[in-house]
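Q: Here is how the chains run, residue by residue.
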Amino acid sequence: MIVVLIEKNKQRIRILSVASITYIDTYFPDAIVSNHDLEGIADGFDAEKIGKKIGVQKRHVVMANETVLDLAEGACKKLLKRIEPSTIDYLLLCTQTPDYFLPTTACILQHRLGLPTTCGALDFNLGCSGYIYGLSLAKGLIASGQAKRVLLVTSEIYSKHIKTDDVANRSIFGDAATATLIEKSDEDCLGEFVLGTDGSGAENLIIKNGAGRHPQKDGSDDDYLYMNGPEIFNFTIQAVPPLVHNITEKNGLAGDTIDYYVFHQANEYMLKYLRKKCEIPMHKFHMNMTNFGNTVSSTIPIGLKQAWEKKSISKGNKVLLVGFGVGYSYGGTVITINCKG
Amino acid sequence: MTKNDFLAELTEILEIDGELTTEAPLAGTDEYDSLAIMSLIAFIDEHFGLSFSGEKLGKVKTVKDLISLIGEENIN
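Sequences listed follow chains A and B, in order.
So the first sequence is residues 1 to 341, counted in the numbering used here.
So the second sequence is residues 1001 to 1076, counted in the numbering used here.
Think of the hints as simulated: they come from the structure by calculation, not from any bench.
Where hints are given, some of them may not hold.
Claimed, not checked - Think about it this way: if two alpha-carbon atoms lie no more than 20 Å apart in a straight line, the pair counts; the simulated EDC-like pairs of lysine to aspartate or glutamate are:
#1 A:Lys49 with B:Glu1009
#2 A:Lys52 with B:Asp1030
#3 A:Lys277 with B:Asp1045
#4 A:Lys53 with B:Glu1009
#5 A:Lys52 with B:Asp1065
#6 A:Lys276 with B:Glu1046
#7 A:Lys49 with B:Asp1045
#8 B:Lys1003 with B:Asp1030
#9 A:Lys163 with A:Glu66
#10 A:Lys53 with B:Glu1073
#11 A:Lys52 with B:Glu1031
#12 A:Lys53 with B:Asp1065
#13 A:Lys49 with B:Asp1033
These figures come from a predicted structure and were not determined experimentally.
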C-alpha cells in the first residue's frame, strides 16, 4: 500500500515509502551458565523446579571484559557479511546497559562496523518492548524518506547487573544481541503499531544506583537489578490481552488470519498463561527460550529467526509481535514476512 | 468453585504432597515463594477475574485468609 500526501498550500506530492524486515542475525557470548551451575548459591533454589516452571535450562552470559558494544558488533558483523555496509544509512541501537553514559554506543558501533559517516546513529533505552519501538522508529524513518536501510540492533547484558546470589533473576535472564535490517521495499510489510506506557510501574523493575538520581553505588541491593516478579506478572496479564486485541483491530485483521505470534519471551509460565488468556492456538504461538533465557529486547528477533529457520513461518505470513516489560512499556504490530535470511 | 476444588488447585500451585486444610499456613513457608505467588495470581485471574498485588498475597497468613481475600461467596 502506498500512501500519497498532498500538501494543500504547496501542491507538493510526497509518496511515503514502505518497509520490510529482510535480514535478522543473532549473537550470543560464549560463556554459558546452566541451572545446575546456579545450585548451592542460595537456599531453596531447586534447579529442576525452576527449569520446569520458567522454561529455561541455560543462558549465555558475558565475561568481565565483554560489553554491549561487543555483542552488538558480533550480531552486526554476521549481518553485514550479506549486506554492503556502505548502504546502511541509519543505525538504531536499543540497550539499557550501554558501555558509557556518553558517548552513544551507536556512534562507536558505526565506526567499528565501518558504516558511512553520513549514517544517522542513536541509542534508545528500552527493555523488553525495545524491538517493537525500534521497528516503529525504523518504519517512520523510511516512510518519511530519511533512510532507506535501517540497521536495528538490540544488545543487553543484564547479567552484569544481577547480584551473584540472586539466583531467581540469574535463572531468568540471558545476554544476547541481534541485528535486523529494515529496508525500503515495494511491499508494505510493517503494519500498524499499537504502543503503550505506564511509568507507575517503574519501581518494579529497576537498577536504582549508579545513574543520575543515586550516583554512588553503596554496596546495597540497590546497586543491582531488582524485579518484583509478581507485580510484573500482574501488569502483563492485564495489559497484553487488550493490546493483542487492539493490534489485530488496528491492522484490520481477525485473530484467525494471523499465521503466527511471537511474544516477548519473558518466561514460559507467563507465556503459557498469556496464550490461554488471548485464546491463541498452541501451534501458532512461539515459545522457545530453553537455551537462552529472557534476553530482554532480543527475544522477539531471536524468536523470529528461530521460527524462520524451523519453517514455522514463511514468506507472506502475517506475524503478530508483542513486547512488554520494564518501564512499564509495551507495544506490538503485525509484520508480513519478507525475509531474505 | 467448591472449597475442595480450591484446596486441590492450591495444593498443585504450592507443589506440596498431602492434603491442605484451611488452617494451613502460607506466608513464611518454603512453598509459598514468588513462583507460587505468580501461579496464584494467574489462578485468581482465570477463575475469579480478580487481581491482587504480589505484596498483598505474600502477606496472607493462612489458606483461610486467602479464601477471605478472594471472597467466601466465590469459594463455598
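Q: Of the hints given before, which are not true for this structure?
A: Checked against the structure, the hints that fail are numbers 5, 7, 8, 10, 12, while the rest are satisfied.
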